[in-house]
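**Student:** Throw the hints in and build the complete structure from the sequences for me.
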Amino acid sequence: MLRTTALRRSLVLALVALLAVAGCTPPRHQAPVAPPPEPVVPEDVAPELAAFYSQTLEWTECGELQCADVRAPLDWEEPGAGEITIRVARQLATGERRGSLLVNPGGPGASGVGLVEQVGTLFGERLLEAYDVVGFDPRGVGESSAVACLDDAGKDEHFSRDFDYSTEAGLEEAFAAWEAFGAACAARTGELLGKVSTVQSARDLDLLRGVLGDETLTYLGYSYGTALGVTYAGLFPHRAGRLVLDGGVDPNLDSHAANLEQAAGFEKALRNYVEYCHARSVCPLTGTVDESLAEISRLVDRARRAPLPTKDPVRGVTATMLFYGLAVPLYDNRAWSFLTEALKETIEQGTATLFLSLADIYFDRDASGEYLSNQNEAFYAINCADGRTHADPERMAAEAEEILEVAPTMGEFFGYGGVICARWPVPADETEVDYSAPGAPPILVVGTTEDPATPYHWSVALADVIDSGVLLTYEGEGHTAYGRSNDCVDSTVEDFLVDGKVPAEGTRC
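Mapping of the sequence shown onto our numbering: residues 597 to 1105, in sequence order.
Since the hints were derived computationally from the structure, they do not count as laboratory data.
Relax, there's no trap hidden among the hints.
Distance windows between CB atoms, simulated:
id : residue 1 : residue 2 : range
1  : Lys1097   : Thr656    : 34 to 40 Å
2  : Arg694    : Arg984    : 38 to 44 Å
3  : Asp962    : Val641    : 40 to 46 Å
4  : Thr1045   : Arg901    : 36 to 42 Å
5  : Thr656    : Glu1001   : 51 to 57 Å
List of simulated lysine-lysine pairs, BS3-like, C-alpha gap at most 30 Å:
id : residue 1 : residue 2
6  : Lys940    : Lys864
7  : Lys751    : Lys907
8  : Lys940    : Lys907
9  : Lys751    : Lys940
Note that the structure is a prediction, hence the values are computed from the model and not measured.
For glycine and all other residues, C-beta sits at the position ideal for the given N, C-alpha and C.
**Tutor:** Laid out in structure tokens, this is it:
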């Protein structure tokens, strides 16, 4: 579910690719391989960690990129307890190299290796000239040492389930289902399951900085990637360089506040979409905006009573799947026309094949039934590793009602979040982090005014939390801004990353 973190940017890219008129990606022109820089081993690093920081990477070709595996401690608090690997991929600078730019697409659970494959169409030429763009799969994710829980059939069943939280039996069914999911993760993942917190990943990020030969970290993080970035700045303010945090997550929000505000963000985005749809002749929704939202709610009710039929001979669309199908296009207004087509099919034909496809995009599932990544399992494992919320039934019921008041169409899917981690088999990471990052240089936070997944005021709050935070505002729709908004945002971010030019406080694009 879309709980306290944002949808993976890679999924938005997949949607845009579906809608693209021309599917050609311009070829990359990489600089020749130069001698690798010497690793930078911090003077204050513990002796048992020095070997990790001083390792030399063995780069190999992986498509149009270069890839390597970085050894990291399983547990940064107990370096002798075992090792994991972090997969990294880089596109070499096309001009005079200034260092490495590490990037994270969010999630948690999204692949930074996958993001680097897209930078030729996302990032500006000045940025590509100046930096090796380096993506990484955080611990627990993708091609790194990864979380594993269910087989494909098990994922189909678990991620499509509807739970009735209004009854004691339905609530216990949900507790038991998530308990079984956590047990499966523990059985298939082992000790790593308890070591995938954002704090552990931030320490990996400093290791990557060191082995790539950079004195300070240059970083661009989207969505959850802003949580990773501010955690890094809080742990290593003296090693923070030029950090851009796009689509900020407020690190001080409690779980209920985050769910409430994200639900309100998606409700507003859906309302904005309906207004857009009404202005077009092909819109299948009728009446006022409120009447159209009520029509969408009736579709959800229908799917809850019985899955909506599709062209798939086995799979229908449950209420939960319909929610994901509605939510995915709301991350990027360039995909709103796809939502129109899905609604048109369901309203006029009574089938929901396009909504099934949209839900599959969220879960990174292909038409053959194969899940192409572990991002869903990693999403829950990392969230549960980062903390717990209460699971008191009466309190959750009251909070769910509060969410429905601000999000009557989308809100029911944001309540009862405490169920997921209540019986998780490993404890949460209790490490304290000073998110003010005292002594760090200016950190650029980018917020989008109509962002549904990471509401704008989260970016405002994040910039305020960081002592050196500077806010850049994009006035527009969609989730995150750099690479998908306008020239003003792109040039401001690139001026900061390439030239160190800090925008004036209050800059709006």
